[in-house]
Amino acid sequence: MSEEQVLILEVPEDLANMRLDQALSSMVAGHSRAQLQQWIKDGRVLLGDRQPKQRDRVAAGDRLEIRVPEPEPADDWQPEPMALDVIYEDDQIMVLNKPAGLVVHPGAGNTNGTLLNALIAHAPGIENIARAGIVHRLDKDTSGLMVVAKTESARLNLVEQLAEHAVAREYLAVVNGLMVAGGTVDEPMARHPKDRKRMAVVPYGGKDAVTHYRVEEKFRAHTLVRASLETGRTHQIRVHMTYINYPLVGDPVYGGRLKFPKACSESMKDGLRRFSRQALHATRLMLEHPQTGEEMSWHVPLPRDMEDLLDVLRADAREHADD
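Going by this note's numbering, the letters in the sequence shown line up with residues 421 to 743, in that order.
It is possible that some hints are incorrect.
Mimicking DSS-like on lysine-lysine, the simulated pairs with C-alpha atoms at most 25 Å apart in a straight line are [unchecked claim]:
(1) K560 with K473
(2) K638 with K627
(3) K617 with K627
(4) K614 with K560
(5) K679 with K627
(6) K627 with K689
(7) K627 with K614
(8) K461 with K689
(9) K638 with K682
(10) K473 with K627
For the record, the hints were derived by calculation from the structure and aren't laboratory data.
Values in this document were obtained by computation on a predicted structure and should not be read as measured data.
Construct the complete structure from the given sequences, taking the supplied hints into account.
Shown next, in the form of structure tokens:
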């Protein structure tokens, strides 16, 4: 086992009177501010001869000693060749269009056949990066755009962008109910107090969660919504839409049971029944390239199953236009 790296640094004049965690972000390249804050909490940083707090102010000439932890060993992930819909790729990042039904990361009950297994087959060496470069996830039954880091420096940069809400993500969702107008849901979230597999809006102790949404198209008993995230909590759009009484179509976990308009046809009912997942698709992704700083944006259209769902809803709306 290799020894830990120890960095000895001196605070320069231009960082004087800055918070310690902010100064470290400027002085220690290749590590996110969140990671540096954790090192301070873990006692890995000395300011002079004492263990400081992240909010402590530094002075020009202060001596910093930092014990950099060893990288965590890679898990025993196995490469599995799989067709990937790669939208963009260079030596730093990869942007792909994830299909519904694909689990992103191995876990209990899903030890293989995941996106991660496909990634390490597609880009050998990526298994040596934390989480194989995966910096954010989509639920198994959510489709759409994801960015993956191919180097550790790119991963840390993307993690920082996500933490600072600099990555813009837009989703299209079909919800039960007729929305009058768009709006914002700003409600904290945490694990459901009684069902740990679910998330919930909680009055106290939750993490900040902000979802903006606007109406794209209305039908008789459903609405196509465009949602954008300020935060990236687990199941955020699904939970927030349910909280305002517009659960996603096809989402039994959060109340998105089938809802039929009055006097709808059997073909309409069949079309809704055929849609077997939550109607959620990550359609747009915008970020700064972690190496060049270039602002980049990608867009992918709705997958076939969501287009079919919309066709059914539009046909029903036309049929009852004069009702």
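Results for each hint:
1. K560 with K473: Cα-Cα ~39 Å, so violated.
2. K638 with K627: violated, 32 Å
3. K617 with K627: holds, 17 Å
4. K614 with K560: holds, 23 Å
5. K679 with K627: Violated - the C-alpha atoms of K627 and K679 are around 31 Å apart, more than 25 Å.
6. K627 with K689: Distance ~38 Å between K627 and K689 Cα, so the pair is violated.
7. K627 with K614: Roughly 18 Å separates the two Cα atoms, so the pair holds.
8. K461 with K689: violated, 56 Å
9. K638 with K682: Since the Cα atoms of K638 and K682 sit roughly 16 Å apart, the hinted pair holds (cutoff 25 Å).
10. K473 with K627: Since the Cα atoms of K473 and K627 sit roughly 22 Å apart, the hinted pair holds (cutoff 25 Å).
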